[in-house]
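Sequence lines, in order, name chains L and E. Residue numbers for the first sequence follow numbering that gives the first Met the number 0, beginning at 0 and rising by one. Residue numbers for the second sequence follow numbering that gives the first Met the number 0, beginning at 0 and rising by one.
Some hints could be false.
What the hints assert, rightly or not - With the C-beta cut set under 7 Å, the calculated list includes, among others, these residues of chain L facing chain E:
hint: 1; residue: L21
hint: 2; residue: S25
hint: 3; residue: I31
hint: 4; residue: L68
hint: 5; residue: R84
hint: 6; residue: W86
hint: 7; residue: W90
hint: 8; residue: S93
hint: 9; residue: I101
Said to hold, decoys possible - Label-pair ranges, simulated between beta-carbon atoms:
hint: 10; chain 1: E; residue 1: G94; chain 2: L; residue 2: Q67; range: 49 to 59 Å
hint: 11; chain 1: E; residue 1: R14; chain 2: L; residue 2: A81; range: 41 to 51 Å
hint: 12; chain 1: E; residue 1: G94; chain 2: L; residue 2: R54; range: 11 to 21 Å
Simulated from the structure, these hints should not be mistaken for laboratory data. In this text, a Cβ means the ideal position worked out from N, Cα and C, and glycines have one as well.
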Amino acid sequence: MVEQRLDATFAALADPTRRGMLAQLSAGERSIGALAEPYRMSFAGAAKHVAVLERAGLIERRKAGRQQLCRLRAAPLAEAEAWLRQWQRFWGESLDRLEALIAEEQERAT
Amino acid sequence: MTQPIATGRTVTLTRRFAATPERLFDAWLDPADVRRFLFATPGGEMMTVEIDPRVGGDALIVECRGDRQALHRLRYEAIERPHRLVFLFKACIVGGPVADEWTRVTVAIVPDGDGAQLTLTHEGVWPDFEDKTREGWTMILASLADL
């Protein structure tokens, strides 16, 4: 279900640490240790956040020797963004008409 | 007491208008203006615009879109002319499933040179996933996509 995926995406994004991790990953693959670094966080703490991101399908993991490397998956983010954009459009269209209404009124006044 | 609303996402839009804050504010409560801009869709026919512009008052805006009627309910929580308007909001298609929970819309207006800047914030746009609610919102979003 699109709705359930969106729910998982938004829940995963509701945390500043996880958003920061995604921002790091947008620059390329990172190990869990590297993701933990900016937050002065234990490996286990970082691994918990990584697990949430992984469950939401926002990242995927692969083994590289003794390390686990994380990589961004863009599809769920794009879906969440598209959903919010629909709402932006919903209100945006009302504001467009309000703008037109006011412009028309001012033309009549001049 | 504050009405609890659906837990959900927040959508924010900001727009500058070539109008005084007062003019901009009044458009949201004036039935003639509302009829023309709020929830009006191209090809749709506005059937009902009833506004009780006081705190605790309700508004009902119904637009006929082909064989469907889109119903919008508002309940005013704060009316502070010309800077702030807050209303609870829910929408549905008549005959379709009804969203149980309110969402909240805040319209904030500040002067900006010879015009005014309006910021609209819609909170709770992610209703819980009760089937009824989900279907209701899916229908609204589908009808939005038809616009």
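Each hint tested on the structure:
no. : hint                         : verdict
1   : L21                          : violated, 17 Å
2   : S25                          : violated, 21 Å
3   : I31                          : violated, 28 Å
4   : L68                          : violated, 31 Å
5   : R84                          : violated, 9 Å
6   : W86                          : holds, 4 Å
7   : W90                          : holds, 5 Å
8   : S93                          : holds, 5 Å
9   : I101                         : holds, 5 Å
10  : E:G94 with L:Q67: 49 to 59 Å : holds, 52 Å
11  : E:R14 with L:A81: 41 to 51 Å : violated, 21 Å
12  : E:G94 with L:R54: 11 to 21 Å : violated, 38 Å
Consistency note: the structure conflicts with the earlier hints numbered 1, 2, 3, 4, 5, 11 and 12.
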